[in-house]
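Protein chains in written order, with my numbering: chain H, 352 to 953; chain X, 20 to 370; chain F, 120 to 485.
It cannot be assumed that every hint is accurate.
What the hints assert, rightly or not - The list that follows gives simulated cross-link-like pairs (lysine-lysine, DSS-like), each with its CA atoms no further than 25 angstroms apart:
#1 K391/F / K413/F
#2 K792/H / K754/H
#3 K168/F / K496/H
#4 K445/F / K391/F
#5 K688/H / K698/H
#6 K637/H / K696/H
#7 K141/F / K637/H
#8 K706/H / K168/F
#9 K391/F / K829/H
#10 K938/H / K829/H
#11 K464/F / K383/H
#12 K688/H / K706/H
#13 K79/X / K208/X
#14 K696/H / K706/H
#15 K81/X / K171/X
Calculated directly from the structure, the hints in this document are not laboratory data. Remember, it's a predicted structure, so these values are computed and weren't measured experimentally.
Here is what each chain is made of, one letter per residue.
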Amino acid sequence: MSHEVNVPKPSGAPARPRAETRDGLIRPAWLKPNRDGSPWYARTFRITTTRIISQAFFFALFSFLLFFTWFSRLGGYPVSLFLEVDPLVAFATAISTHTVYRWLWRALFVLVPTLLLGRVFCNWMCPYGTMHQFFGWIFNIRSNKGNIEKNRYRPVFQLKYYILTLFLILAGFGALQIGLLDPICLLTRTFVVTFFPASDLLAEHLRSTLLGHGLDVPTSFLSSAPGAAEQRVFAGAWFVGLIIFGLVGMNLVIPRFFCRVLCPLGAFLGVLSRFSLWRIDRDVTKCTDCDLCLKHCEGASDPHQALRKSECFVCFNCIDDCPEDALSFRWLPVSIKDRVIGTVKAKTATLFGRKVISEHLETERRTPDVPRRRWLFASIVGVLSFPFLRLSRDVNDRGFNEKAIRPPGSVAEPEFLERCIKCDQCINVCPTNVLQPATLKESGLEGLWTPVMDFSVGFCQLNCTLCSEVCPTGAIQKISVDRKLGMKDYADAGPIVLGTAFFNRGRCLPWAMETPCVVCEEVCPVTPKAIGTYDEEHTRWDGTTVTLNKPYMRPELCIGCGICEHECPVLDDAAVYVTAIGESRSKARSLLLAQRKEPNQR
Amino acid sequence: MARSGGKPSDRKEAPERIDRRAALRQIGTVSAIAAGAGWAALAPPTWPGSLRDPDGERGKPKQPVFRLPENGFLVPNVPGGAVLGIARGQNVVAMLKAAVDAIGGMGRFIQPGDIVVVKPNVAFERAAALGATSNPEVLKALVELVRDAGAKEVRVADNPIESPESCFVRSGIQRASLEAGARLYLPKKSDFETLHIPGARWIEHWPFFWQPFRDATKVIGLAPVKDHNLCRASMTTKNWYGLLGGRRNQFHQDIHGIITDLALMMRPTFVVLDGTRVLFRSGPTGGSLDDVRPGQTIVAATDSLAADAFGWQDLLGRADESLPAYFEQAARKNLGNPDWRSLPFKEAQVG
Amino acid sequence: MPTPADQDTRIFVRNGRRHYRKRYSLFEFRLGLVILVALAMTAGWVAYKGRHPDPSLLGTEPALGEGASVHPPADRGPLPQDIAPPGWRETVVSSFDPDHLYEKINGRADYYKSFGCERLVFATLVQAAAPETVIDIELYVLPNAANALGTYAGERGTPSTASVLESGIGHAARNALYFVQGRAYIRLIGSEDSPVVHEALRHILASFQSTMPSEPLPWGYDLLAETLRYDVGQIEYQSENAFSFDFGRQVYAAPIDDEGGQIFVVASPSDKDATNLAHAFVAGFLEYGTRAEKDRPGTWVQDRYLGTISTAMAHGAWVMGVRGAKTAAEATPRLESLRQGLDAKGAEFHARAMDENAREPAKTEE
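Bound conformation, chain H alone (with noise of 0.2 angstroms):
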């Protein structure tokens, strides 16, 4: 196999020598004037240098925000910026929800850039665009010739598509899942459930190292839970990375094969593209065919015949990489074809005036190259999904999971399925750990990585309302700690309750074991305490005296916060325990025919 390619003389030498200059002074080559006789920087701050750069600020931005979405970190950081600016996102949950919650509105900023230039958030702005592009161009091994053929464009590129329309017809019916799959979403929880927890560990063991040698030094800036007493865990941190993995390697196969193959949210932009009124162009004077366009091509949108509007991510590498000067970005550019005069065949072919170089005439293709039938196919299983998700027992009303305990400020279950978009930002903001990514066990595929709770990680701590903040789309609606706590003017709707404590007294120390105990009476949270004691004097089997406070429930009390359940020294089982029971977000789901009375007031 040869690798000899019709590829002319790069004009950039590889070593960088320092060459001399008009004025005599010796330069470092990227000083060196151009040949075109431009200056240095015209080549080196090029458009695609600004794009890295930009590529590079929204990755930081989003890694900032993410690392600050963090109770002492926190402050006024818009940061769920990144998923409120997501337009499948509020798209998706207009669809779901037909409201557009809090900062979605946002998502104009990206939608309105998409209908004048096309997919450009796709390699400007999507951080998780960013990563892949990072980890295909730095292991990179092919040469010319096969980055030239893995930037083809391939049928499987249709399969977004498909996933975008079973996701908006499921969304349609109330089943929200474009988290699955939305980039932001997708990275974000990457981040919150495997990166941070990695970034946390790295900073505790730097630090015990440190302290090793004697030196008493803060390593909590390295850390994404600063303050945080334990090593924040999350269920199913090995799905999540593995799934990373396994979409970033992939792109050692093919180039941007999330983007290209699966991402819902390309799709969706893909779509809007062909309307964009910018796009790029080729001069079929110029072009030679060499297909050398290809070579950097980030979106497989074949530029060097007729370009894919809707796969293009205009990175502009097709420009850089013309060495015949053939590619432009344009505005409104004229479709060529039918002002041809000649044929290509005959080499008699003319372009106002000028001879065809390019034996291909078609420039643009603006739709998505996914046949109608297909479209149809997807929607068909669209439809299908809806029963086979929602059928399933976990999500309904009948036989909810009793763990499947949601945050404070919660919406009920479905509507909280219409909102929730998984992307764990609530999980990664929540001081205590007590917000897991759900497994299939609590909510089937349908709750799959929705937040729920797990007292024997930790417990909804009672002034804390932050998970109701970071929440973009309102499936934990903005809630102030007077609401949370029943207090002022909420005094009348009385506390957000969470779900019920129960006690196995088979498993309580003093119940069942002769030991004192009232762990959770002590930590019970709320006045006067939602856990009493029977007190009594009771002798042991070996003769000694004790006094046993036997706790019971005092369920009007009680709002489910799980401080009792975590706190519990029986820990593999707990002896109290909260479940979903009872929660305020539910009239279905309540447990006490007496709903709870108006409090007192002064």
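Following the hints, position chains X and F against chain H.
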């Protein structure tokens, strides 16, 4: 080991074996790996480079054990000096100063160059006004007083029950500490070491919030006056609970024994009982202003049991009830004297 | 020219930005600058937002639990609902019956109980802007106005006349206000001696005066203050155990000098009872002294320790007397004016006194 590859025409000229030098090198490599593996696995454990662990003991993690100074952080008694200083009034700074002055003044306890640990109670994520945590104003006044006495560094440390950052911020302790120029210690896992407490009944070896105590020379406890569901009252002695880590939720199985152990563990330079607010019911968490009443009192004492007994009788107003059991248990171990009226004490009314 | 073998052995991409274009444009460069400015503005906006957090979200004064409690609210008794002046906030209200009075005022409880204190309502007001500034309200509910006035007079001491309230039955100290309103004795104690506190104290006083019914002066105050012009704030009333005599009940006394000399008056059911009671007083005085001033009418007793002069006599159904006066000469005109005062009031006044006395609730023995 036949050589592979090469064109058929080469084969005729190729030697039957690889050359001697290559063979020796390869045999040498094999031998070295085998010998190294054998040494590591079989050499007696004391030999260098040995990994041998015949009974599994060698592979277990070694926990270094730490101890606090023999006599705690006490300073020598002054003959005839008061053990208990009680200041009543409204002005926190004046009250604190009066209380400390009554037991000999800060200069008696803090010398220039001291590294002082102040242990407030920041157990819960509550506003200071709810009385579940130490009053930040008192903490600030205390830290400033200690710094004015010449302390090199003042460290404020506690291991709260709820998430540490939130507790320190919401209780106002973080701001008060930083404003007063103290260094904050929020518990991290690496800050804990196993502490050996000779004579303790339950916590002879227990994870202890060691980091702030590294090189510390003086310790001051600052505790609020709180009702407590299980041990009946949480004051300066129970306050040391916040220096322990590990499975603290087992302590409730003999809370009085544990508090006695705590008194044994920590012999502070002195303690301050912060009676500016009294959480008189629904303790130790509280949660409503209805559970708090102003106490208008600050007590400084070199005997925590005496301070606690005063708090029980005077501030909690439970003089007609018997003292909680830990007082007697600790007194029996000579860790203090709950009969505070029998000790020299001074009472002052200020501001 | 890299060979395929080189391609395989390298770890990371080299010459990753090699490209082939020949022409460059300054427009791209300028556009890049515009984009950089846009990015910088984005960063600035994020930084600005970050520094302006929602104060309610991360405040250090989160929910104070107001309204969160379902503890039955403390019985406010006669404490008006909106007692807190503007800018102040009521925090704790607690209520103590006589058996639990000591919880709040250990050591002083017996004093209030001796006047038949029915309840102490305790409230704390906090200045909203400066929560360290507080005013404690102690409101003692007594059986009637006489006991309220008596409680007040017993605690009052001798304030400077300037600080005495207009009504005469109350006075201001540096940071406190003590007064009687109806059958309540009220102490307001501010945490500091500042204009803010003074202003609030005046406001609270006005609230009490406008919301709590005042009561007519009891007969003893009527007689001694209204008729005889003694200082109303210093007239003591002892409903029992007056002068440590177990027969000394419902005694009104007013000071006649600065060293504890008092005249006193008691209403008896009949002339005979009055004579007997007067004899009892004299006998009581004699336990600590000897007869003196034998040339004066009546029985005068000189205290053997203090040297002061005391006497008691019946005047119709009244008993009147002097206790602890410096000399009999000083005391006699006082007694004379008291006698004239009683005469001027007439029989109707005696009936009223007996009526009021009868309404005095019985005290439980300690």
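Notebook entry, point to check: What are the numbers of the hints that this structure violates, sorted from low to high?
Noted result: Hints 3, 4, 8, 9, 11 and 15 are the ones this structure does not satisfy, whereas the remaining hints hold.
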